[in-house]
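Peer 1: Sequence:
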Amino acid sequence: ALIEACQNRNFPAEVVCAITNNSEAAGLKIAEQAGVPAFIVRDKPLDADKIHEIFVQHKVDLICLAGFIRILQANFLSKWNNKVINIHPSLLPSFKGLNAQEQALKAGVKIAGCTVHYVTP
Numbered sequence: 034a035l036i037e038a039c040q041n042r043n044f045p046a047e048v049v050c051a052i053t054n055n056s057e058a059a060g061l062k063i064a065e066q067a068g069v070p071a072f073i074v075r076d077k078p079l080d081a082d083k084i085h086e087i088f089v090q091h092k093v094d095l096i097c098l099a100g101f102i103r104i105l106q107a108n109f110l111s112k113w114n115n116k117v118i119n120i121h122p123s124l125l126p127s128f129k130g131l132n133a134q135e136q137a138l139k140a141g142v143k144i145a146g147c148t149v150h151y152v153t154p
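In this note's numbering, the protein residues as written are 34 to 154.
There could be a bad hint or two in this list.
[Unchecked claim] Once the Cα atoms are required to be at most 30 Å apart in a straight line, the calculated BS3-like pairs of lysine-lysine come out as:
no.: 1; residue 1: 62; residue 2: 77
no.: 2; residue 1: 143; residue 2: 62
no.: 3; residue 1: 83; residue 2: 116
no.: 4; residue 1: 129; residue 2: 116
no.: 5; residue 1: 116; residue 2: 62
no.: 6; residue 1: 77; residue 2: 129
no.: 7; residue 1: 92; residue 2: 139
no.: 8; residue 1: 92; residue 2: 112
no.: 9; residue 1: 112; residue 2: 143
no.: 10; residue 1: 143; residue 2: 92
no.: 11; residue 1: 112; residue 2: 139
no.: 12; residue 1: 112; residue 2: 77
no.: 13; residue 1: 92; residue 2: 116
no.: 14; residue 1: 83; residue 2: 129
no.: 15; residue 1: 92; residue 2: 77
no.: 16; residue 1: 143; residue 2: 129
no.: 17; residue 1: 62; residue 2: 83
no.: 18; residue 1: 116; residue 2: 77
no.: 19; residue 1: 139; residue 2: 129
Because the hints were derived from the structure by calculation, they are not lab data.
Construct the entire structure; sequences and hints are all you get.
Peer 2: Below is the structure:
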């Protein structure tokens, strides 16, 4: 959705790269089709230095985490202070972690939504 929104010439942002730890991520194909450089960074352990280098190389201003379920370490976040946002598919603090929509359905909530928040150390 972010890449698609950025294709509107009036949208005030540009996706300059995409990073995933999942070689099967649907976002890889979407990025490729849009001409956005995409990178697979293995996550055992997460190579935060490599991610940082990629972001610097591509002159990233803001990091948007979408479907990224790894914890970013404080030393990485301190380099990107107030420049990392997370898109979580529930109204936090309810339904943390994986399968938030499923958790909400099972709980029978009447109102559901998503949370966008800055990621801090």
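Peer 1: Hint by hint, note whether the structure agrees.
Peer 2: Do the hints match the structure? See the list:
1. This hinted pair checks out: residue 62 and residue 77 have alpha carbons roughly 23 Å apart, not beyond 30 Å.
2. Distance restraint check for residue 143 and residue 62: the Cα-Cα separation of roughly 35 Å exceeds the 30 Å cut-off, and the hinted pair is therefore not satisfied.
3. For the suggested pair residue 83 and residue 116, the alpha carbons sit about 17 Å apart, so the restraint of at most 30 Å is met.
4. Proximity of residue 129 to residue 116 is assessed by CA-CA distance (about 22 Å); at most 30 Å being required, the pair is judged to hold.
5. With a C-alpha separation of about 25 Å, the suggested pairing of residue 116 with residue 62 holds against the 30 Å cut-off.
6. At most 30 Å may separate the alpha-carbon atoms for a hinted pair to count; residue 77 and residue 129 meet this at roughly 22 Å.
7. With a C-alpha separation of about 42 Å, the suggested pair residue 92 and residue 139 falls outside the 30 Å cut-off, and the hint is violated.
8. Restraint check for residue 92 and residue 112: satisfied, since their Cα atoms lie roughly 14 Å apart, inside the 30 Å limit.
9. Pair hint residue 112 plus residue 143 does not hold up; C-alpha atoms about 39 Å apart against a cutoff of 30 Å.
10. Pair hint residue 143 plus residue 92 does not hold up; C-alpha atoms about 42 Å apart against a cutoff of 30 Å.
11. For the suggested pair residue 112 and residue 139, the alpha carbons sit about 39 Å apart, so the restraint of at most 30 Å is broken.
12. As the CA atoms of residue 112 and residue 77 are separated by approximately 21 Å, the hinted pair is consistent with the 30 Å bound.
13. This hinted pair checks out: residue 92 and residue 116 have alpha carbons roughly 12 Å apart, not beyond 30 Å.
14. Annotation: proposed proximity of residue 83 to residue 129 holds, straight-line Cα distance about 27 Å (limit 30 Å).
15. Distance check on the hinted pair: residue 92 and residue 77 sit about 26 Å apart at the alpha-carbon level, within 30 Å; holds.
16. A C-alpha spacing of about 17 Å is found between residue 143 and residue 129, which places the hinted pair at or below 30 Å, so the restraint holds.
17. Under the criterion of a C-alpha separation no larger than 30 Å, the hint pairing residue 62 with residue 83 is consistent with the structure, at around 21 Å.
18. This hinted pair checks out: residue 116 and residue 77 have alpha carbons roughly 24 Å apart, not beyond 30 Å.
19. Annotation: proposed proximity of residue 139 to residue 129 holds, straight-line Cα distance about 14 Å (limit 30 Å).
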